[in-house]
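*Asks:* For the sequence shown, numbering that gives the first Met the number 0 gives the first residue as 0, with consecutive numbering after it.
These are calculated hints, taken from the structure and not from any lab test. Cβ coordinates follow ideal geometry from the N, Cα and C atoms, glycine included. Honestly, I wouldn't trust all of these hints.
Under the rule of at most 20 Å between Cα atoms (straight-line distance), these lysine to aspartate or glutamate pairs were calculated in the EDC-like manner [as the list claims (entries may be wrong)]:
hint : residue 1 : residue 2
1    : K477      : E453
2    : K136      : D118
3    : K18       : E254
4    : K244      : E453
Simulated restraints on C-beta separations [as the list claims (entries may be wrong)]:
hint : residue 1 : residue 2 : range
5    : D184      : R357      : 34 to 44 Å
6    : R500      : E446      : 21 to 31 Å
7    : S443      : R314      : 28 to 38 Å
8    : P468      : I37       : 27 to 37 Å
9    : E432      : N539      : 34 to 44 Å
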Amino acid sequence: MELVVDSGVKKMEGEAMRKNQTLICAPIMADSVDQMLILMQKAKISGADLVEVRVDSLKSFNPRPDIDTLIKQCPLPTLFTYSYVLGVGQGILLIRYYKGIGPTWEGGQYAGDEKSRLDALRLAMELGADYIDVELKAIGEFNNALHGNKSAKCKLIVSSHNYESTPSAEDLGNLVARIQASGADIVKFATTAQDITDVARVFQITVHSQVPIIAMVMGEKGLMSRILCPKFGGYLTFGTLEVGKVSAPGQPTVEDLLNLYNFRQLGPDTKIFGIIGKPVSHSKSPLLYNESFRSVGFNGVFMHLLVDDIANFFRTYSSLDFAGFSCTIPHKEAALDCCAEIDPTAKAIGAVNCIIRRPDGKLFGCNTDYIGAISAIEEGLQGSQPSISGSPLAGKLFVVIGAGGAGKAIAYGAKEKGARVVIANRTYERARELAIVVGAEALSLDELSNFHPENDMILANTTSIGMQPKVDDTPISKEALKHYSLVFDAVYTPKITRLLREAQESGAKIVTGVEMFIGQAYEQYERFTGLPAPKELFKNIMSTY
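Between the sequences and the hints, there should be enough to build the whole structure, so can you do that?
*Replies:* Structure, rendered in structure tokens:
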């Protein structure tokens, strides 16, 4: 039995009910028609709603037989674009056939004559494509050649791509009006994000559009535009079949859209959460929070947010929909100035790693880093034996590498537990400033390898040294590690850094950044959702990383 949904795409009985009608389109790029047909099957299995058949990627192309084959052998009833869209239970093929090479003409690979290109698009319409995509630059010539004989079945997408920037909201509005006036059934435009705040203008256009609209912002800073289509009313988004094999910069995979971001469950009331950082794509926070949200039916989505200027980010995204944020390198200290209210501990530390938007729209900042790290280190010291009284850190010499937000938090937490704290930093002046605030000693990082006034010290790296992709880096010589009884690394990609590997080889206990990550996430989850943290689920999710 089949259920028909509003989009015209059929939905097979047994599929989890979807809360939105925004489609997922999988771009199909291959050297041959046979390879395209294989990818169409893969798109169907992946859960895509339609495919974009990129005819310009074919090494050889015989229009009538090739288009006919692609349409007839599509494994699902069709939505055609020269991007093939597989339906939920039905296939959809869309034909987009580009002139020119690269961004000078809408990003395609076709270098032939214009008449042949437009003839192929008309042929796709004639042979049964549900959609074709024609660039705004070419729509006049295309319409003239149709002589009013447009297929009633085939929807016309008219598109414009800007590979340099995202224009003003006024200019985008004018662009949409021009596309609509060209006879488009569906308006499409794609811009490029120079800053994550560019996406706000595209959301503004999308949510107020009176016609079906596909609006994307390309690049890592534009990721939000691709994930949040259902919230703001976008007609479709693009998802790749494999990581890295994208038809435009910044596309997530179909698998991530469905299984990481819970795409089918997003809607106008979905609350937006994310991790603010630079870099940020390495973070496992979306995996942890989105799976946890799904497990309890919480209507939220958590994303990577690549932010250059945190103050500008919060000025731009000021609505209650943007409900909560984790904050990582390098924004933890600057985030303090963005918050109307700051937890006393975070104020004392001088850094924020969790920000909540209150019902009045103002921001509240707190710090959960020190709880996550210090608890993990204490557990590492105690092993399976509970402490008789007090903290096992009391009286220990505790060396913190780094004087940024995480360094401040862990230094503060260690001092609170009675440890004697030493701050080591590349820039001695930064180490000294933090040492004065916390009541600690200061060293330059260059001095650290020769610093061993006693044995059984504790070492905590709070910098990004050793993080992917620079996995061969380490902040301290292996020889020096024999003076430490426990070494902690806040980096968790990879889970076992060079520092931890060499510490273990030197006989020290190790505590990974994953353990801190889980520990600090408990309180954040509870602040985000108002629900108890699912601690066992957190541990299970992260156990494979």
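*Asks:* Can you list which hints this structure breaks, lowest number first?
*Replies:* As far as the earlier hints go, only 4 is violated by this structure.
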